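In case it helps, numbering that gives the first Met the number 0 puts the sequence shown at residues 0 to 379.
Derived from the structure by calculation, the hints contain no laboratory data.
If you're wondering where the values come from, they're calculated on a predicted model, not measured in any experiment.
Treat each hint with caution, since some may be false.
Label-pair restraints from in silico Cβ distances [to be verified]:
hint: 1; residue 1: P186; residue 2: R259; range: 17 to 27 Å
hint: 2; residue 1: D338; residue 2: A195; range: 19 to 29 Å
hint: 3; residue 1: D303; residue 2: V360; range: 44 to 54 Å
hint: 4; residue 1: A255; residue 2: S81; range: 17 to 27 Å
hint: 5; residue 1: G31; residue 2: K376; range: 34 to 44 Å
Where a beta carbon is used, it is the ideal one built from N, C-alpha and C, also for glycine.
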Amino acid sequence: MSEDTGMRIALVSPYAVDVPGGVTGHVANLAGELRCQGHEVTRLAPASRGSSLEPDVVAIGRPVPIPASGSIARVTLSLRLSGPVRESLDRGAFDVIHIHEPLTPALPLYFLRASRALTVGTFHAAYERGNLRYAVARWPLRHFARRLDGRIAVSPAAERLTARYFPGAYTVIPNGVDINRFGKPGPPPGGFDPEAGPYILFVGRLEPRKGLDVLLEAFEQLQGHLPELRLVVVGDGRGRARYEEWARVRGLHRIAFMGRVATEDLPSYYQHALAFCAPNTGNESFGVILLEAMAAGTPIIASDISGFREVLENGRHGLLVPRGRPSELATAIARLAGDAPLRSYLREAGRQRAREFSWDVVALRVSAFYEELLARKRRT
């Protein structure tokens, strides 16, 4: 490593690099910003056979789907990772090994065991009722946790959860948002009639903890008061057929299930929405989707849960409502729909708040953390 060439950095993720997800997106954005700072960055993660991978990605292991906190995680559980991991480390000659969710099977554990470089871990998850895997495997995992030279948590909620099982010093560095991508004005989403009426937007996987059922009930309650209002659902998942059937049986025809949309189209869905709703029921470590909506200038209504409170102050950057309460969510939607000055205020306040989480700002904090740890390691 030299000041001219920057650091050689490995970003390791346990999750399939070819399947969209919060951690996967975080790693990709961080890699891009670190590269802009002049560092050499390689991403290492499982990938499905035959996937088309970006040049900076090294695939290690094949992912399999496993249930995880009401969702599906795609990780590799192979017992034959030792060779590929050591080969990647030898070839990369990395100055920093930065492992995301470092105590998740199985790829991060192989890197923790083999790494001789500065090793950093970022903890993303926050489960309000605790983590069963951490509780059951606390003692063997503490051996791996001690191999970390530095620990990052993406939010105080993530720090609280992890420190409960693995005490130590944590530095909170939040998730980031691509201000330019979401803030650049664009046309209405393809196939949408701008004259068809205002719409509320939902973005997320169609699984119980994302709370779409709560939003659907709230939307049903609003039909008599706001007949012109539409609901646009962006995302896919195991529950899609059930949600579509629920809407059909109740005769809710002004709901559009868009499925997974192209990455380049997502900002326009935010920008042209009357409001963005995040009715999540819990277990959210950080509100990345809230930052996306803020950067796009979209007023927000979200559940009052710890991970969202880290990002959004009620009444200042958006509206928070008690989780799992369709009637209160419907009241908040009706309030926002009928109050143009409030929507205007929240748009501007949200944009200002999102700038604090711009990826260039976040990546600078991460690289400064690397430098601090490297200097400390040289001294000792």
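Outcome of the hint check:
1. Our hint of 17 to 27 Å for P186 and R259 holds, since their Cβ atoms are close to 20 Å apart.
2. In this structure, D338 and A195 meet the distance hint of 19 to 29 Å, their C-beta atoms being roughly 22 Å apart.
3. Against the hinted window of 44 to 54 Å, the Cβ-Cβ separation of D303 and V360 comes to about 26 Å, which falls outside the hint.
4. Take A255 and S81: their Cβ atoms lie about 48 Å apart, and the range 17 to 27 Å is violated.
5. In this structure the supplied range 34 to 44 Å is violated for G31 paired with K376, their Cβ-Cβ distance being about 26 Å.
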